[in-house]
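S.K.: These protein sequence lines map, in sequence, to chains A and B. Position one of the first sequence corresponds to residue 1 (the numbering used here), numbered consecutively onward. Position one of the second sequence corresponds to residue 1 (the numbering used here), numbered consecutively onward.
Be careful, since some hints might not be right.
Have a look at the derived ranges for each label pair, beta carbon to beta carbon [claimed, not checked]:
| # | chain 1 | residue 1 | chain 2 | residue 2 | range |
| --- | --- | --- | --- | --- | --- |
| 1 | B | E14 | A | K238 | 25 to 35 angstroms |
| 2 | B | L170 | A | A59 | 32 to 42 angstroms |
| 3 | A | L227 | B | P280 | 12 to 22 angstroms |
| 4 | A | A145 | B | E74 | 46 to 56 angstroms |
Since the hints were made in silico from the structure, they are not lab data. Keep in mind it's a predicted model, so treat the numbers as computed, not measured. Every residue gets a Cβ at the ideal spot worked out from N, C-alpha and C, and that includes glycine.
There are 2 protein chains.
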Amino acid sequence: MDLLNRFKEYLSKEKLYTPGDKILLAVSGGVDSVIMTHLCKQAGIDCGIAHCNFQLRGAESTRDETFVTALANELALPLYTIRFDTETYATEKRVSIQVAARELRYAWLEETRQQHGYTCLATAHHMQDNVETVLMNFSKGTGIAGLHGILPRQQHLIRPLLFAQKSDILALAAANGYGYVEDSSNITVKYTRNYFRHKVIPVIQETYPAAVPQMAASIDRFREAELLYNEAVQRHKKRLLFQQGDNYRVPVLKLQKAVPQQTLAWEIFKDFGCSPAQLPQVIDLMQSEPGKWVETTSHRIIRDRVWLLITSLEVQEAPLIVIEKETAVVPVKGGTLKLKIRPADGATIPTSPLMACLDMDTLQFPLLMRRWKQGDYFYPLGMRKKKKLSRFFIDQKLSLIQKENIWVLESAKRVVWIIGMRIDDRCKITPNTNHMLVLEWQPI
Amino acid sequence: MDLLNRFKEYLSKEKLYTPGDKILLAVSGGVDSVIMTHLCKQAGIDCGIAHCNFQLRGAESTRDETFVTALANELALPLYTIRFDTETYATEKRVSIQVAARELRYAWLEETRQQHGYTCLATAHHMQDNVETVLMNFSKGTGIAGLHGILPRQQHLIRPLLFAQKSDILALAAANGYGYVEDSSNITVKYTRNYFRHKVIPVIQETYPAAVPQMAASIDRFREAELLYNEAVQRHKKRLLFQQGDNYRVPVLKLQKAVPQQTLAWEIFKDFGCSPAQLPQVIDLMQSEPGKWVETTSHRIIRDRVWLLITSLEVQEAPLIVIEKETAVVPVKGGTLKLKIRPADGATIPTSPLMACLDMDTLQFPLLMRRWKQGDYFYPLGMRKKKKLSRFFIDQKLSLIQKENIWVLESAKRVVWIIGMRIDDRCKITPNTNHMLVLEWQPI
Numbered sequence: 001m002d003l004l005n006r007f008k009e010y011l012s013k014e015k016l017y018t019p020g021d022k023i024l025l026a027v028s029g030g031v032d033s034v035i036m037t038h039l040c041k042q043a044g045i046d047c048g049i050a051h052c053n054f055q056l057r058g059a060e061s062t063r064d065e066t067f068v069t070a071l072a073n074e075l076a077l078p079l080y081t082i083r084f085d086t087e088t089y090a091t092e093k094r095v096s097i098q099v100a101a102r103e104l105r106y107a108w109l110e111e112t113r114q115q116h117g118y119t120c121l122a123t124a125h126h127m128q129d130n131v132e133t134v135l136m137n138f139s140k141g142t143g144i145a146g147l148h149g150i151l152p153r154q155q156h157l158i159r160p161l162l163f164a165q166k167s168d169i170l171a172l173a174a175a176n177g178y179g180y181v182e183d184s185s186n187i188t189v190k191y192t193r194n195y196f197r198h199k200v201i202p203v204i205q206e207t208y209p210a211a212v213p214q215m216a217a218s219i220d221r222f223r224e225a226e227l228l229y230n231e232a233v234q235r236h237k238k239r240l241l242f243q244q245g246d247n248y249r250v251p252v253l254k255l256q257k258a259v260p261q262q263t264l265a266w267e268i269f270k271d272f273g274c275s276p277a278q279l280p281q282v283i284d285l286m287q288s289e290p291g292k293w294v295e296t297t298s299h300r301i302i303r304d305r306v307w308l309l310i311t312s313l314e315v316q317e318a319p320l321i322v323i324e325k326e327t328a329v330v331p332v333k334g335g336t337l338k339l340k341i342r343p344a345d346g347a348t349i350p351t352s353p354l355m356a357c358l359d360m361d362t363l364q365f366p367l368l369m370r371r372w373k374q375g376d377y378f379y380p381l382g383m384r385k386k387k388k389l390s391r392f393f394i395d396q397k398l399s400l401i402q403k404e405n406i407w408v409l410e411s412a413k414r415v416v417w418i419i420g421m422r423i424d425d426r427c428k429i430t431p432n433t434n435h436m437l438v439l440e441w442q443p444i
Numbered sequence: 001m002d003l004l005n006r007f008k009e010y011l012s013k014e015k016l017y018t019p020g021d022k023i024l025l026a027v028s029g030g031v032d033s034v035i036m037t038h039l040c041k042q043a044g045i046d047c048g049i050a051h052c053n054f055q056l057r058g059a060e061s062t063r064d065e066t067f068v069t070a071l072a073n074e075l076a077l078p079l080y081t082i083r084f085d086t087e088t089y090a091t092e093k094r095v096s097i098q099v100a101a102r103e104l105r106y107a108w109l110e111e112t113r114q115q116h117g118y119t120c121l122a123t124a125h126h127m128q129d130n131v132e133t134v135l136m137n138f139s140k141g142t143g144i145a146g147l148h149g150i151l152p153r154q155q156h157l158i159r160p161l162l163f164a165q166k167s168d169i170l171a172l173a174a175a176n177g178y179g180y181v182e183d184s185s186n187i188t189v190k191y192t193r194n195y196f197r198h199k200v201i202p203v204i205q206e207t208y209p210a211a212v213p214q215m216a217a218s219i220d221r222f223r224e225a226e227l228l229y230n231e232a233v234q235r236h237k238k239r240l241l242f243q244q245g246d247n248y249r250v251p252v253l254k255l256q257k258a259v260p261q262q263t264l265a266w267e268i269f270k271d272f273g274c275s276p277a278q279l280p281q282v283i284d285l286m287q288s289e290p291g292k293w294v295e296t297t298s299h300r301i302i303r304d305r306v307w308l309l310i311t312s313l314e315v316q317e318a319p320l321i322v323i324e325k326e327t328a329v330v331p332v333k334g335g336t337l338k339l340k341i342r343p344a345d346g347a348t349i350p351t352s353p354l355m356a357c358l359d360m361d362t363l364q365f366p367l368l369m370r371r372w373k374q375g376d377y378f379y380p381l382g383m384r385k386k387k388k389l390s391r392f393f394i395d396q397k398l399s400l401i402q403k404e405n406i407w408v409l410e411s412a413k414r415v416v417w418i419i420g421m422r423i424d425d426r427c428k429i430t431p432n433t434n435h436m437l438v439l440e441w442q443p444i
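Next up, chain A with everything else stripped away, as it sits in the complex (with noise of 0.2 angstroms):
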């Protein structure tokens, strides 16, 4: 089959192109966008041509720009042009010519897309850079996601030439005399990929003349394979995360019995900020005492008893959390409250507002614990009396901010202790204590 029918084969096949889509091409000169361009034509798709001139190369850059708008004519195409100072940009920004260049093309391209309303944009990946691109990850280190190399489609960008391997495409503007511009520094490729491209991957077609094409053949099975991973995954992850209001918890004993644990506390944990140097230690909190946590860029993952729960280092609406007899932590804004119950039996009563020991007896389960609200009140310890907690907190001397960040813990309805501040009198200990809920409120 020829290259044009292949290249309307996989069209089809993945779906790039349907009658009524309008697609704008990546055009830089080189064969692979020029061939592409003239693929694109013969097969009657409606499309149009962009084209960035980065200025990185004097008389170069003139000469491609000045190629692809005779391309345009010659095919009688739309064309747009624009011309970065890719130098400034670059230095402005601290970033290197490549990703200064990369930012500046793929940000005008998009924005051209939909100014001109076109459905997709189109770059002329071919077969070679797919299997480089997957050659390197594996050389970095990757997981399966890694291996589904360049896809075809993601979201408005598409990339209808990665079927053909380099020599189709050579081949073709060869019995065409198609015309391309060569570019002779290659500045937008990077080192690493150029070094794949003509040291590691000629060594390996030596042994496997035929390298390339089953390379990229297996990175479409791995492309498959790899939606078969996240349905499995997906079906884990139902059994293993559960949303509470804002935060998230995973059952301990579930996870530590999953096979394969590693994948799955990593296809878990990754979308709560956790790197792959960090997962280690959130799997060793599943063998840490209660309280141990770990934090990672965007949340904190705790050692409750039975679970793992995860909370957002974002600021929050102020929740109104349930604490049921078996809850051992409880991680909220400002700090972190600990729960034990303990025999009441010649244990001493500490003494640090942080520390609270409640009669369990005087307890309802299931406590909440929430902001204070106006209307609150309870019977200081050592008092017959009550008192509305807005006036504890003036005669405490609270500053506005120190009363929005109090929190109360709760029992049938009655404020059993303001937390980190003073316990209510009717829940303290007694001779006739049993059994004592020792608190801990610890601030961050």
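Once you've looked at the hints, dock chain B against the given chain A.
M.R.: Relative to chain A, chain B alone:
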């Protein structure tokens, strides 16, 4: 952590050793197997040494055997040795020296393991070996199963050194002054592997110095990903593959809609002898006429109306085959029966004995297809009197073998067609027939 502790940790993590196990170590005398031996000894593992002398390298082979004997004495370990006439074996079996060495080695090692009551056989494959294997698989073309590399355990065979880099192994030997021998020919290592070891991987390491451990870590992840992949595949197979006696069937409509189709089709049909090259033909069957088939090394995959039928090419006991009204194709030993229902109006009745037209109103579905048996009778077309099949066959002068291969079609306990020979008179087409069942017998 030093190598001994990492060794112990790896044994425990991969469940390669539990107290009570006895491990037979395959020791060539090279540094890998020598270090494996020292580590096992130091870890207090009950082990013995097995050494194969392939007699391929003259004095060097003897030197290796002597060295391993001395090592066993030094460490007070049981020793088992053997000398193979590898060249004669290779000539006689017409295999390469490499294949000969491999076959002789594994057969004898497994025999020795069983004879002397070892629970496992250990080989000294290390991290580099594993990375080479996966890179080679990827270059040749593979699916996800080609990415798990050398497994830490396959039944009785374990690889306790897979966690270690070659440099770790050499460093331990140097630090402790452990002696070992060097194989000047590396005869048992394939050319391609040597090429990847000495040419490909070093080139990759120039850009990614940590490529080997990074790839090894990736391989561990692929191994876990494969477990999840297999889980999803099994779940799909349950809805895509049905057993029916000795045969299997795959619903065409469901397979057409299955995602990812290629991979799921592969996972289903590979177990029935389908090669990767045949898979596209099998997938094409979904668009084919009923009756088309693909023959694999072990099975026929046949397009029926709503199913792909999978039947073994092995000789089977003659079965009883249920034919529903919807059935289009019945593949059996000796041939294929095709069925269609047609209006009788204006149809010409074929005269070939391989075809039969029966009045639908005289039939009762499901029909049965089975071998004839003693006691069967029917009303041969054109006769008013019933006749025993045994008698009919004598009249037709059938041989014993021919009789053995006769199939009959049965409706409501009556034989309606001796397939390929004569229909029952009571089922023939008459001027009153509305619809007819058109049957075609295609002997192989």
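S.K.: Broken hints, numbered, in rising order?
M.R.: 2
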